[in-house]
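Enquirer: Start from the sequences and build out the full structure, keeping to the hints where you can.
Quick note, the sequences are listed as chains A, B, C and D, same order.
Per our numbering, residue 1 is the first one in the first sequence, and the count goes up by one each step.
Per our numbering, residue 1 is the first one in the second sequence, and the count goes up by one each step.
Per our numbering, residue 1 is the first one in the third sequence, and the count goes up by one each step.
Per our numbering, residue 1 is the first one in the fourth sequence, and the count goes up by one each step.
Since the hints were derived computationally from the structure, they do not count as laboratory data.
We treat Cβ as the ideally placed atom computed from N, Cα and C, and that holds for glycine.
Don't take each hint at face value.
Taking CB as the label site, the calculated pair distances span [as the list claims (entries may be wrong)]: (1) Arg18/D with Arg422/C: 46 to 52 Å; (2) Leu563/C with Asp112/B: 35 to 41 Å; (3) Ala12/D with Arg435/C: 26 to 32 Å; (4) Arg93/A with Pro112/D: 39 to 45 Å; (5) Val96/A with Leu39/D: 21 to 27 Å; (6) Thr122/C with Lys13/D: 50 to 56 Å; (7) Arg93/A with Asp416/C: 56 to 62 Å.
Residues from chain A shown here face chain D by an in silico Cβ test under 10 Å; the list is partial [as the list claims (entries may be wrong)]: (8) Ile25; (9) Gly29; (10) Val33; (11) Asn35; (12) Glu51; (13) Ala53; (14) His54; (15) Ala67; (16) Leu69; (17) Asp87; (18) Leu101; (19) Ile104.
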Amino acid sequence: MKHLLLKLEPFIWLMFGQGILLGTILLTGWLLVVNLGVPLGVVSDAGLEYERAHGLASTLIGKLVLAALCALPIWKGAHHMRHVFIDAGGGDRDAVIAPILYLIATVGTVLSILAVVRL
Amino acid sequence: MAEMLIKKFVVTRFDPDQDDVPRTETYEVPCHPDWKVLDGLNHIKDEIDPTLAHRWSCRMAVCGSCGMNVNGEPTLTCKKAVRDLPDTIEVTPLSNFPVVRDLVVELEGFMDKLKSVKPWIIRAKEKAVEEGPTRQSPEELEEFKQFSMCINCMLCYAACPVVANEPEFIGPAAIALGHRYSIDSRDEGAAERNEIFRGEGTVFSCSYANECSEVCPKNVDPAAAVNQAKFNAVIDWATGLVLPRGGKE
Amino acid sequence: MAELHRHDIVIVGGGAAGLRAAIAAVKARPGSSVALVSKVYPMRSHTVSAEGGAAAVARADDNLEMHGYDTVKGSDFLGDQDVIQAFVEEAPRELTQLEHWGCPWSRNEDGTVATRAFGGMTTKRTWYAADKVGFHLLHTLFQTSMQYGDIVRYDEVFVSKLLMDGNECRGVAGLDVRTGEMMGVLGRAVILATGGAGKVWPFTTNGNIKTGDGMALAYREGVPMKDMEFVQYHPTGLPGTGILITEATRGEGGHLINSEGERFLITRDYGVGTKAELGPRDMISRAEVQEIEAGRGIDSQYGQHVHLDLTHLGEEKIMKRLPMVRELSKIYAGVDPVYEPIPIRPVVHYMMGGVDVDIDGFADGVDGLLAAGEVACVSLNGANRLGSNSLTECLVFGARSGVKAVEYAKGTSDGDDAALARMGEEEQARIDALRGKQGGGEKIAAIRTDMQSAMESGCGVYREEASMQQTVRDIAALKQRFEGVTLEDKSKVFNTEIIAYLELENMLDVAESVSSSAASRNESRGAHTRKDATARDDVNWLHHTLCYYDPAGPRLDKKDVTLGRWEPEERKY
Amino acid sequence: MANAHPHAMAPAKPGKTRTAPPQRPPKFPTGGRYLAYTLFDWTGLIYLLLGFLVLKTIWTLGDGQAAWDAQIASFSHPAYIAFHILSFISVVFVGVRFFRLFPKAQPPRIGPAKPPPAPVILGMLYTVWIGATVLFGAILAGGIF
Ligand SMILES: Cc1cc2nc3c(=O)[nH]c(=O)nc-3n(C[C@H](O)[C@H](O)[C@H](O)COP(=O)(O)OP(=O)(O)OC[C@H]3O[C@@H](n4cnc5c(N)ncnc54)[C@H](O)[C@@H]3O)c2cc1C
Ligand code: SF4
Ligand code: F3S
Ligand code: FES
Chain A
1 MKHLLLKLEP FIWLMFGQGI LLGTILLTGW LLVVNLGVPL GVVSDAGLEY ERAHGLASTL
61 IGKLVLAALC ALPIWKGAHH MRHVFIDAGG GDRDAVIAPI LYLIATVGTV LSILAVVRL
Chain B
1 MAEMLIKKFV VTRFDPDQDD VPRTETYEVP CHPDWKVLDG LNHIKDEIDP TLAHRWSCRM
61 AVCGSCGMNV NGEPTLTCKK AVRDLPDTIE VTPLSNFPVV RDLVVELEGF MDKLKSVKPW
121 IIRAKEKAVE EGPTRQSPEE LEEFKQFSMC INCMLCYAAC PVVANEPEFI GPAAIALGHR
181 YSIDSRDEGA AERNEIFRGE GTVFSCSYAN ECSEVCPKNV DPAAAVNQAK FNAVIDWATG
241 LVLPRGGKE
Chain C
1 MAELHRHDIV IVGGGAAGLR AAIAAVKARP GSSVALVSKV YPMRSHTVSA EGGAAAVARA
61 DDNLEMHGYD TVKGSDFLGD QDVIQAFVEE APRELTQLEH WGCPWSRNED GTVATRAFGG
121 MTTKRTWYAA DKVGFHLLHT LFQTSMQYGD IVRYDEVFVS KLLMDGNECR GVAGLDVRTG
181 EMMGVLGRAV ILATGGAGKV WPFTTNGNIK TGDGMALAYR EGVPMKDMEF VQYHPTGLPG
241 TGILITEATR GEGGHLINSE GERFLITRDY GVGTKAELGP RDMISRAEVQ EIEAGRGIDS
301 QYGQHVHLDL THLGEEKIMK RLPMVRELSK IYAGVDPVYE PIPIRPVVHY MMGGVDVDID
361 GFADGVDGLL AAGEVACVSL NGANRLGSNS LTECLVFGAR SGVKAVEYAK GTSDGDDAAL
421 ARMGEEEQAR IDALRGKQGG GEKIAAIRTD MQSAMESGCG VYREEASMQQ TVRDIAALKQ
481 RFEGVTLEDK SKVFNTEIIA YLELENMLDV AESVSSSAAS RNESRGAHTR KDATARDDVN
541 WLHHTLCYYD PAGPRLDKKD VTLGRWEPEE RKY
Chain D
1 MANAHPHAMA PAKPGKTRTA PPQRPPKFPT GGRYLAYTLF DWTGLIYLLL GFLVLKTIWT
61 LGDGQAAWDA QIASFSHPAY IAFHILSFIS VVFVGVRFFR LFPKAQPPRI GPAKPPPAPV
121 ILGMLYTVWI GATVLFGAIL AGGIF
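Expert: Printed below as a string of structure tokens:
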């Protein structure tokens, strides 16, 4: 397991790094409009009207962006939670904790892909 | 003679022959305003308590022996002025290292790690002296120069949260020194070292806390080195996927 | 004695000279086992603090002959010319070798190695890596040495005795600082590379570890100390700490200024002629002292000083060529050389003298013992070393002694193990008795301070019969007082009080040989300047001084200087 | 002061004398600069939850209008508002901290190419961040397309 983890580190870092980079860049707009602007009534909800949203999301670019928007932050989160455990002194249990977290991230990724595929 | 500053030095003491665990001892030290923390410690050793053990030599911030935690911050004691510190100066051995005695920490672990990154020029064929010096442009020199400034003072190891928790982690200074050779235009060992960097306690253990660079007294910026090495390893891995063989430089 | 470790050769010291010797040895005879014993981790050795550069002919407008002549003249004709010849020939190879090992030498635009001007050198022949040359050199050597499995390091092991089998040196007794145990590190040849002894003086550029241990070790076994009276004062040390501001500041165009704002090396005649700030160190140090004595010094809480002015060089050049000078001035003198002049005064810097060795590094009078680097006196530097010759010396003669030592080791025997072990036991017993030693209540620090002031008053920049004789007597008295030292630390682990004790013991022996050698030389030559014998006297004194250990007091002798193509002439620049 | 891992910086061969165990940096995890680092790590939890929440939101888009409208409406719940404000702060914090560190992680050469100097990279990152936010926000808000 440890060995596999070592082999996967570059991949994990790629996803984690993009989670911070792309994740942050995309989440900012999403949060501002979908999660805060519209619910607080600052931004009109016209843009989130179902037909329009579904239409835009079903384009190829829409699918890619949305998949990245879910999956990448999950990788960032999983990797950072691994470090939260390590920093709390759980370094010795890393061989158990890390696979669980990355499994969660993998499941999240698969679901993200599914979510956009079924649009 | 300038006005003396009276400082209270609270110093960690540990003598494995006598103490189970470290304890602290407090000394009143009359300090000349120009003194560094190291001068205070030397005063204690010379005039108050000759049993105090601490390492030092150059007193000019270049030999790297005198690293300790001063008021919780990893510091070169020969560089930190007492003037800039509060009345109570707490001196403890560097964190994240086993303590040999008093303020002296175990360095063998670092020596093992340093050696493991092959910090020397690797070439397919050693160049003969008769060929004369290699040409290297000032720009090529600039690329690695910063990372060659490391004085092995271990402050970065004392500050890094990952070092505290992952014993295998090669750590900032050693990785910086390995990376320094890998990006030297005279070296041909990058692939070999990348292999090492992908082993256990790799560059990927680093969570980019950047604390190493914050405390580094020589502006080596080891965090940059570690993360450049990481970046390289990711690129290596990715090109390896595209071109399964020969993708490595 | 806890352990005996057998090797082919043993090197004491992990500075430039020791590391270079170790690498040369394993390369010359692959498979030889080389022990490298050092009282600190090698990268802490004081080579690390060298700033300015290392000399070797590199430019088209330079040649070996000029480097040779500069060195001979710098030495005030006391350097052995065969040694100087060999040195200048090997120097470029050694610095090139360092380049191949990764030393980050500063570069010219075309990618060739850059060189700068240094005091007493006719042209730019000093290779540099900004102003951290010693640091880069040491770390390059140390890191390079790590790849050789045959170099076995004993870090933080303090050598306190040479193990002798009759007249042959067959190893060393080392105190493992970590455990407090003695170990015998045995080899068929031993190279001393323990560096200089600046700590014998109160005000020095040298670090805490430069206590002349190797000199004392050899001295006590009957090897003569050569030319010990020649102690280099560097003209630019920071008042208070003695931290060095490199000569490269002058090489890059810095000016020395007195309280009247005068560039005194130009306006007054101090013998440096048009070289001005690029004159040799002995002359400039004397000029500074004279300026201060004439009332043109600047007052400070650390006594009088003069100024080194770099402000006209500009920030860019200072940051590129002299970044460490700026850092050191800011931290340790509170001035920023980009805007203000740096306060400086002469400071003890370098030992021209040392263990008397021949051109291959073999010590005089004991078989199987070699020495290289600052601890040795191969007579390259004579009465005054030229700046930047010494790092190169460490490399050239370090490498040479490494090769010679393995050759020698091949043709000789291991020596009598039992006798060596017995000697080690005795040394262990001596050290064991020191822990918590009851004595007359004398303190190490007090004796050390008294020794340092005695040396400053008798063996300073300017010397006189009466004060030198007084220092000789003072040192003898301090050796008496040393018997009464009381030690408090009873722990075996990392007992630095015992180290301080052993170092003081060594320094007292070095002080003894320096002061008696100085008192014997009745002329002024190079760094040895007498107010009561101001002229150089080639008729009676064109020879080396030898100083032999004797429990009753040192014995002095003379040795011929090897002349060659350059006849002594008046030293004027 | 908490202990560090008992083998932190321990040598391969056991030390020659008994040592006191390594201590963690005295200010770790919440003193001084460590606070920012620790918080940075903990934003992982927010990103994890947020990632799954976005996932759920997208999923409902595939479930039809009713599910989608209900999902969007639920965001007005004060608990969601609070979480999303926290999320927004986290996201900005992560961006600022990481973008500051990002340029120096570029090796001096990537293959034969040289990355632009650090200030340029930093400028580019912020331009992209702000630009993308405006663009993405405008699309979501129905301003364009
Ligand atoms: C501040 C400064 C600046 C200088 N700048 C220049 C310059 O620009 N150019 C130049 O050419 N020269 C310069 N010099 C001189 C030059 O640096 C030294 O002469 C040279 O580095 C000496 O090297 P070394 O190998 O002989 O000794 P060191 O580097 O002093 O090493 C001595 C070694 O011996 C070991 N040792 C000592 N005693 C014992 C013992 N009892 N047991 C075990 N080990 C022991 C030490 O641990 C150490 O490893 C400078 C010197 C100083 C102090
Ligand atoms: S990288 Fe900096 S802090 Fe770390 S050992 Fe080197 S000089 Fe010290
Ligand atoms: S502090 Fe440690 S986590 Fe990485 S950036 Fe420095 S090595
Ligand atoms: S004593 Fe050398 S770095 Fe502080």
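Enquirer: Look at each hint and say if it fits the structure.
Expert: Hint check:
1. A hinted range of 46 to 52 Å is violated for the C-beta pair Arg18/D and Arg422/C, which are about 31 Å apart.
2. Between Leu563/C and Asp112/B, the C-beta spacing of about 52 Å breaks the proposed range 35 to 41 Å.
3. Judged by the Cβ atoms, the range 26 to 32 Å given for Ala12/D and Arg435/C holds: they are separated by roughly 30 Å.
4. Restraint check, Arg93/A to Pro112/D: a C-beta distance of roughly 43 Å satisfies the suggested window 39 to 45 Å.
5. In this structure, Val96/A and Leu39/D meet the distance hint of 21 to 27 Å, their C-beta atoms being roughly 25 Å apart.
6. The hinted window of 50 to 56 Å between Thr122/C and Lys13/D holds, with their beta carbons roughly 53 Å apart.
7. In this structure the supplied range 56 to 62 Å holds for Arg93/A paired with Asp416/C, their Cβ-Cβ distance being about 58 Å.
8. Checking Ile25/A against chain D: minimum C-beta separation of about 5 Å stays under 10 Å; hint holds.
9. A hinted interface residue such as Gly29/A counts as satisfied when its beta carbon comes closer than 10 Å to some beta carbon of chain D; here the least separation is about 3 Å, so the hint holds.
10. With a cut of 10 Å, the hint placing Val33/A at the interface with chain D holds, because the nearest CB-to-CB distance is about 4 Å.
11. Interface restraint check for Asn35/A: the shortest CB-CB distance to chain D comes to about 4 Å, inside 10 Å, so the restraint holds.
12. The beta carbon of Glu51/A comes within 8 Å of a beta carbon in chain D, closer than 10 Å, and the hint placing it at the interface holds.
13. The criterion of a C-beta within 10 Å of any C-beta in chain D is met by Ala53/A, whose closest approach is roughly 6 Å, and the hint holds.
14. A least Cβ separation of about 6 Å between His54/A and chain D falls short of the 10 Å threshold, and the interface hint therefore holds.
15. Interface restraint check for Ala67/A: the shortest CB-CB distance to chain D comes to about 8 Å, inside 10 Å, so the restraint holds.
16. A hinted interface residue such as Leu69/A counts as satisfied when its beta carbon comes closer than 10 Å to some beta carbon of chain D; here the least separation is about 6 Å, so the hint holds.
17. For Asp87/A, the interface hint holds, since its Cβ comes within 10 Å of a Cβ in chain D; the closest pair sits about 6 Å apart.
18. At its closest, the beta carbon of Leu101/A sits 9 Å from a beta carbon of chain D; the interface hint therefore holds under the 10 Å criterion.
19. For Ile104/A, the suggested interface contact is upheld, since its CB lies about 8 Å from the closest CB of chain D, less than 10 Å.
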